[in-house]
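Take the sequences, apply the hints, and build the full model.
Protein chains in written order, with the numbering used here: chain X, 1 to 327; chain U, 1 to 327.
Hints listed in this document are in silico derivations from the structure and should not be mistaken for laboratory results. Careful: at least some of the hints might be erroneous.
Which copy is meant is left open, so a pair is good if it fits within one copy or across any two.
To be verified - Below are the BS3-like pairs computed for lysine-lysine, each with C-alpha atoms no more than 30 Å apart in a straight line:
id, residue 1, residue 2
1, Lys52, Lys8
2, Lys226, Lys274
3, Lys96, Lys293
4, Lys136, Lys8
5, Lys96, Lys186
6, Lys277, Lys186
7, Lys240, Lys274
8, Lys245, Lys277
9, Lys41, Lys274
10, Lys186, Lys245
11, Lys8, Lys39
12, Lys186, Lys240
Number of protein chains: 2
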Amino acid sequence: MENTSIEKPFVVGVDIGGTNTVFGIVDARGNIISSAAIKTKCCETIEEYVDKLCDNLLPLIIAQGGVDKIKGIGIGAPNGNYYKGTIEFAPNLPWKGIIPLAALIEDKLSIPTVLTNDANAAAVGEMTYGVARGMKDFIMITLGTGVGSGIVINGQMVYGHDGFAGELGHVIVRRDNGRICGCGRKGCLEAYCSATGLARTAREVLASSTEPSLLRDLDVENITSKDVYDAAVQGDVIAKDIFEKTGTLLGEALADAIAFSSPEAIVLFGGLAKSGKYIIEPIQKAIDANILKIFKGKTRLLVSELKDSDAAVLGASALAWELKDME
Amino acid sequence: MENTSIEKPFVVGVDIGGTNTVFGIVDARGNIISSAAIKTKCCETIEEYVDKLCDNLLPLIIAQGGVDKIKGIGIGAPNGNYYKGTIEFAPNLPWKGIIPLAALIEDKLSIPTVLTNDANAAAVGEMTYGVARGMKDFIMITLGTGVGSGIVINGQMVYGHDGFAGELGHVIVRRDNGRICGCGRKGCLEAYCSATGLARTAREVLASSTEPSLLRDLDVENITSKDVYDAAVQGDVIAKDIFEKTGTLLGEALADAIAFSSPEAIVLFGGLAKSGKYIIEPIQKAIDANILKIFKGKTRLLVSELKDSDAAVLGASALAWELKDME
Chain X
1 MENTSIEKPF
11 VVGVDIGGTN
21 TVFGIVDARG
31 NIISSAAIKT
41 KCCETIEEYV
51 DKLCDNLLPL
61 IIAQGGVDKI
71 KGIGIGAPNG
81 NYYKGTIEFA
91 PNLPWKGIIP
101 LAALIEDKLS
111 IPTVLTNDAN
121 AAAVGEMTYG
131 VARGMKDFIM
141 ITLGTGVGSG
151 IVINGQMVYG
161 HDGFAGELGH
171 VIVRRDNGRI
181 CGCGRKGCLE
191 AYCSATGLAR
201 TAREVLASST
211 EPSLLRDLDV
221 ENITSKDVYD
231 AAVQGDVIAK
241 DIFEKTGTLL
251 GEALADAIAF
261 SSPEAIVLFG
271 GLAKSGKYII
281 EPIQKAIDAN
291 ILKIFKGKTR
301 LLVSELKDSD
311 AAVLGASALA
321 WELKDME
Chain U
1 MENTSIEKPF
11 VVGVDIGGTN
21 TVFGIVDARG
31 NIISSAAIKT
41 KCCETIEEYV
51 DKLCDNLLPL
61 IIAQGGVDKI
71 KGIGIGAPNG
81 NYYKGTIEFA
91 PNLPWKGIIP
101 LAALIEDKLS
111 IPTVLTNDAN
121 AAAVGEMTYG
131 VARGMKDFIM
141 ITLGTGVGSG
151 IVINGQMVYG
161 HDGFAGELGH
171 VIVRRDNGRI
181 CGCGRKGCLE
191 AYCSATGLAR
201 TAREVLASST
211 EPSLLRDLDV
221 ENITSKDVYD
231 AAVQGDVIAK
241 DIFEKTGTLL
251 GEALADAIAF
261 SSPEAIVLFG
271 GLAKSGKYII
281 EPIQKAIDAN
291 ILKIFKGKTR
301 LLVSELKDSD
311 AAVLGASALA
321 WELKDME
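Next up, the structure:
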């Protein structure tokens, strides 16, 4: 890692999710030296949360030689604004309005701190430690509770003029009778191709046919993408059809994204991405069927090789290596 | 212009269209000192075309003091590949396959030559001389025979990994029963929102109603976007409805583009963009109605102020000022 100094050989990665806040000390080779977690909803105020986070992080830092050994702290959080270091109006976090989290932590620990949204952090992680190493143009798609994206162009993260670029989960893929999305609009990609979107498709498909399926043995209202995967692995036709529908919609949207930035690769991350051929084949088929001729066969479809449990912390930490550009 | 040297105070801009090739000498302030044109289909081979172009360009160069006074030549052409300096499989140009045009001209005149597609050239021109001066994140949309786009992110043109990025005219805006597009696919933005797309909409609207319209006095098969504009100016309800439909579709697509790169502005250029409020108001309305909440009201919708006749040459020439980065 060319930008590691011997004096400051470590960075900290913090991944803030709706349930847990996971953090760890990372070295220049992407090893997580130590890690811990607190509940994101542990505290009544953001100040108490920051206190608790720092109280739990500081022992890990001290074990590596103290704050002088830490080049920076990188945070990945929903609705994170890179330019301002703020979390803004995040629907799934306990704090409302605009939270200047990077500044609060920097004040407390005197370590340079940078923050971006979780999908951007994943993209930086993939570029630093994952399958996108060496790539200057790629798009990271995170398929979890929502659909997130992090876009890299000319070797740089795309933040846009306001710090919020890269919301491919909210392009409209169905203009007529589109599904309601968590964002309040209708027909967003996220409403179809997130893990929860796939579960909605499962309920629709099961309701609209009487074909036998292993999924009919389950409580339909609580079906998960994992259930659908397990059924597909056992050869369940309905389960495969659910993946087919989900992958097709995602591939159609990705063909449009390729027309925008012509990336070398699209990297998929998250639970759904681990469904292997059941999701990858229909995505690839839909890309091929929908892509403009000059882009045909040029953009690789890859699955992240980073471990789920590590990727979020690694991605966030990777942001901190980039702090050299800001000093 | 910080990158002008006293030794080489001029650049050349060449705009290659399906009918005419226009070229001119441009100074650092964006004045076109002199210009001329040849027919793009003047010659049987690309070699003869290059000879003819250079024969006509050289007198203009000599009048400014010779090739030593020229910093570079910038070319805008359909299907232009910036990385390779080639025109690749351009359906509307007389030469087939891959044409190494930049190299052919550079060999002939010994002046560094750079080439990109026409919409990218327009974006560079807008950033250098037009309403996008000082902007680091914007999207240029050219509304002509086709719909082109040039995307600027972090102050840089987006070329993608292969040199062909920025084909927003070919995102799919209608998945079901979409119109056939010149690219061979169905439902592309270009099939609806180019000048020819608007004329197709005019024919559809006229055929699907019996409402009176000034447009019914015209030969329906040969209606142009200018005819529709003239009728709208006279208060024709059908003509206004045609603009409304066109602008709505374009605004919907632009709302998705904003979710990608969160630009400071979208700059419209070309004949249709000059239709004023008839096209701008429905575009803005559709953007507002379709945009993700965090982007609401943030991206300005602007119309290029460059003169149509100058813009293409200016845009292409502006590329040549950037040659400093490549030397």
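Checklist entry - When the hints from earlier in the document are held up against this structure, which numbers fail? => result none
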